[in-house]
Amino acid sequence: MTEIFGIPTQALFGQLLIGLINGSFYALLSLGLAVIFGLLNIINFAHGAQYMLGAFCAYFLLNKWGLGYWWALVIAPIAVGITGVIIERTMLKPLYKLDHLYGLLLTFGLALVIQGLFRNEFGSSGLPYPITKELTGGHNLGFMFLPTYRAWVIVASLAICLATWFMIERTRLGAYLRAATENPQLVQAFGINVPRMITLTYGFGVGLAALAGVMAGPIYQVSPQMGADLIIVVFAVVVIGGMGSIMGSIVTGFGLGVIEGLTKVFYPEASNTVIFIIMAIVLLIKPAGLFGTQK
Amino acid sequence: MHATRKLSGAVILALAAMGAQAQVSDGVIKIGVMNDMSSLYADIGGPGSVTAARMAVEDFGAAKKGMKVEILSADHQNKPDVGSAIARQWYDVDKVDAIFDVPTSSVALAVNQVTRDKGKAFIVTGAATSDLTGKACSPNTIHWLYDTWMLANGTGGAIVKTGGDSWFFITADYAFGHALERDTAEVVKKNGGKVLGAVRAPLNTQDFSSFLLQAQASKAKIIGLANAGGDTINSIKQAAEFGIVKGGQNLAGLLVFITDVHGLGLQTAQGLILTENFYWDMNDQTRAWSKRFAARNGGKYPSMDHAGVYSAVLHYLKAVEAAKTDEGTKIIAQMKKMPTDDPLFGKGRVRADGRKIHPAYLFEVKKPSESKYPYDYYKVRATIPAEQAFRPEKEGGCPLVK
Amino acid sequence: MRHQKIALVIMAVLFALAPLAVYPVFIMKVMTFALFACAFNLLIGYGGLLSFGHAMFLGTAGYAAAHSAKVWGFPPELAILFGTGAAALLGVVTGLLAIRRQGIYFAMITLALAQMIYFYYLQVKFTGGEDGIQAVPRGTLFGFIDLSNIWAMYYTVLVIFLGGFLAIYRVIHSPFGQVLKCIRENEPRAISLGYDTTRYKLLAFVISATLAGLAGATKALVFQLASLTDVHWTMSGEVVLMTLLGGLGTIFGPVVGALIIISMENYLAQLGAWVTIVQGVIFVVCVLTFRRGVIGELASFLKKPL
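Residue numbers (my numbering), protein chains in the order written: chain A, 1 to 295; chain B, 296 to 697; chain C, 698 to 1003.
Bear in mind the hints are in silico, worked out from the structure with no lab data behind them.
Quick caveat, the model's predicted, so the values are computed rather than measured.
The reader is advised that the hints may include incorrect statements.
Claimed, not checked - When the alpha-carbon atoms are kept at most 16 Å apart in a straight line, the in silico EDC-like pairs for lysine to aspartate or glutamate are as follows: (1) C/Lys822 / A/Glu269; (2) B/Lys613 / B/Asp354; (3) B/Lys456 / B/Glu481; (4) B/Lys595 / B/Asp671; (5) B/Lys595 / A/Glu269; (6) B/Lys661 / B/Asp671.
What the hints assert, rightly or not - So these bits of chain C aren't anywhere near chain A, every CB distance computed over 12 Å: (7) Gly745; (8) Ile974; (9) Val982; (10) Ser997.
C-beta: ideal position from N, C-alpha, C; glycine also.
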């Protein structure tokens, strides 16, 4: 058997694929964070909590109303997105003109409240969410056993990421959005309701987090703490990709998933830390991130 | 002469009784229940432990016997610094006489130290490190429930004997995970099995698939999970997803509680082998108590930690009654002197090194089709008698053992 | 300036008398965190640099002091000195790397460095992993003050706290502090005035790291414990919250912020899971209604800098 650094090539392929799958969650989450930061200038620290809300929403839909996974994929992002809209309207609005720090703190506080309430209600061990029937089982790829659900995650998130990128970078709506971040007054003067656009953008970003939560439910446990530690990693992904860069966060998300996957083979203890090492190196060499432009 | 001697005897007795009364510090016995109220292990102990302690006080009939017992509780957030600060403050300011529960080994070791410095009493039910009755043993501490040695011996020993002789460990990368792996590997080797490898996963890892693939590639018959809480749950869940068990390998959870099984659901957890000291569905007494407990705990059935807190508080109060004092060192000595007996664990004793002795059970998680009613999760595979379940007193290296 | 000095004397007297009414160990905790927050505030409030990795200095000093006192048998004064020195050294190294970036990038670089330091402490043997270094001896200060006596310990901590606080007070009011404020307001102008801003920022960073280290080393001796909590990123977050709640860029704000946060953690511990909810609500309310922090709002009400 061929080996690379003492690891059989076949096993290495398996690990690379796993890394890519994990990367797709990073990409989805950091995409939402990047969209929100790019347009609202707010570092949404509640992103992890909103991801958790998505998973819980799917759980309720299934257990209270009998609506399965496919319904959850549609309903959860909308429902959580609406809570996002309410938060934006009532709390975030006054903060746009201020330092990033205040938005970060406010959303951090919100995350504490949301996670605390859910923990009081549902405990900490989490709740099971089954893989939907259509996606159970798996395929033997020769070098590894690939569960169908994981294959679905990678395809679905890639599609969503690219669609979002297309919408923001290539459509008229996206052009308005980008213009509004550069110069809101001017765009407003063209007769576009900028505040509403910003509100909907926040709702959209939050909806993406919820969508990632629904997709994560069957793999991880649906638990109140599921997003608490993730947020700081995802934030690092956004910084490495370049704050506010859509493509940057997508590519970096997948890329870091792969790097993290390889670390789990060669130096597993460091697999939680490797992202920060990369962040430090990138920031020292390319201050605005891989895909960012320094303003 | 004779009469006076009798009389003086009575006076002395009366005085002694008064003295004893006065020795229950400030007339109130204060019990502190300290555990993780808000994160990873909140379901294992958490507010449920406070409920269990309260039930023990009621069942003991403290009020009828004229004993005033107060219960305090606090969240140590699984941090040794927070835990030791709370313990200090409880002893210094709130005049707490004894601390119970305290899951998370690092916190328990810290509270163990503070308790010893202050000469109070500490009864651990929640933490697993066998150091508490080994090199860190103290005349002020009793380790009431499971420890790493018992878990390793129960699960590891039994599995090797039934043919699971090659192991691969997925270990949480912290001192406790390392201890669990080390203890289990020793048992495996002693019983003629071999360890093919181990991988150290950072604490609170979300995705275990990479580690599971490595375990799969090792071709070991048994994948030992030397982790706890959310890490265990996620690794079991993802092992099912990757068809590990279907592929012929078995999982051994080294520290799994019934609350974890409940969270996983039987569909995922079925076939898992684990060791515990308590299961609610053992006999009429445990069933009766557990149903009473569940009624007061939002319908959630007790974990072994909850049962442990109940029986520990009960024994503590009996000792206070017998010794007529709540002074830490004396009461721990009294608890060691008296045999233990309660509806949940039956008869037992506390050894000189502070180890409470009771049987351990090797359970297997039922298939969904075998489960007939709520929380009908385990079947007993083996019972390890009390005297064999724990590390022999001599081997722990505890200075209290002569 | 006079009212600041009066406030300072009031604060010193309050802390000196507080143990008559309140549990002394609790106030010692408040003082160590207050010093930590003041050190942090020097950097963000006066230098405009948001560090999101300040826990690394607190934790490093704690480990160094605890290890030197427990294993090498250092007396307390040397242990504290050694811990503080270790933090200062780390401050120089990380400062040289981080100071080249600004704003959010500066915050992220300090976070990344702190995460690496955390990983290092998790892996090396001498820190004892999640158990930490326990049962650290307090020892006898200068060979004749037995610190196992609670009062001796208390007033030692008080002296350290006031010393650190005065040092920061001096720095802020020195010409160096003025230049720092100038850089915060308008860095290009400071450069055009001929100041080597990088050097000023680096010096501020190192001073801040050193004093954070002093707090960490003292804390390790008070609680006889050095643990991973003090190096974790949530600790870096906590010091931001303390400073913000008390009032960014005010002299007394961080002290008040530390007092509020530590009291909350202490007295709400009974509430269990509700602690984080209450904390979250307070932060939301704080950001929405009084952004300048407790002391900041008070100062603007009195129209005097505090």
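Verification of the supplied hints:
About 14 Å separates the Cα atoms of C/Lys822 and A/Glu269, which keeps this hinted pair within 16 Å; it holds. For the given pair, B/Lys613 sits about 11 Å from B/Asp354 by alpha-carbon distance, which is consistent with the 16 Å threshold. Proposed proximity of B/Lys456 and B/Glu481 is supported: the alpha carbons are some 14 Å apart, at most 16 Å. Distance check on the hinted pair: B/Lys595 and B/Asp671 sit about 13 Å apart at the alpha-carbon level, within 16 Å; holds.
Between B/Lys595 and A/Glu269 the alpha-carbon distance is near 36 Å, which puts this suggested pair outside the 16 Å criterion. Between B/Lys661 and B/Asp671 the alpha-carbon distance is near 8 Å, which keeps this suggested pair within the 16 Å criterion. The claim that C/Gly745 lies off the interface is violated: its Cβ sits roughly 10 Å from the closest Cβ of chain A, which falls inside the 12 Å cut-off. Distance to chain A contradicts C/Ile974 as a non-interface residue, since its nearest Cβ pair spans about 4 Å, not more than 12 Å.
Against chain A, the non-interface label of C/Val982 is violated: not every CB pair exceeds 12 Å, the least being about 8 Å. For C/Ser997, the non-interface assignment is confirmed: its Cβ lies about 16 Å from the closest Cβ of chain A, beyond the 12 Å cut-off.
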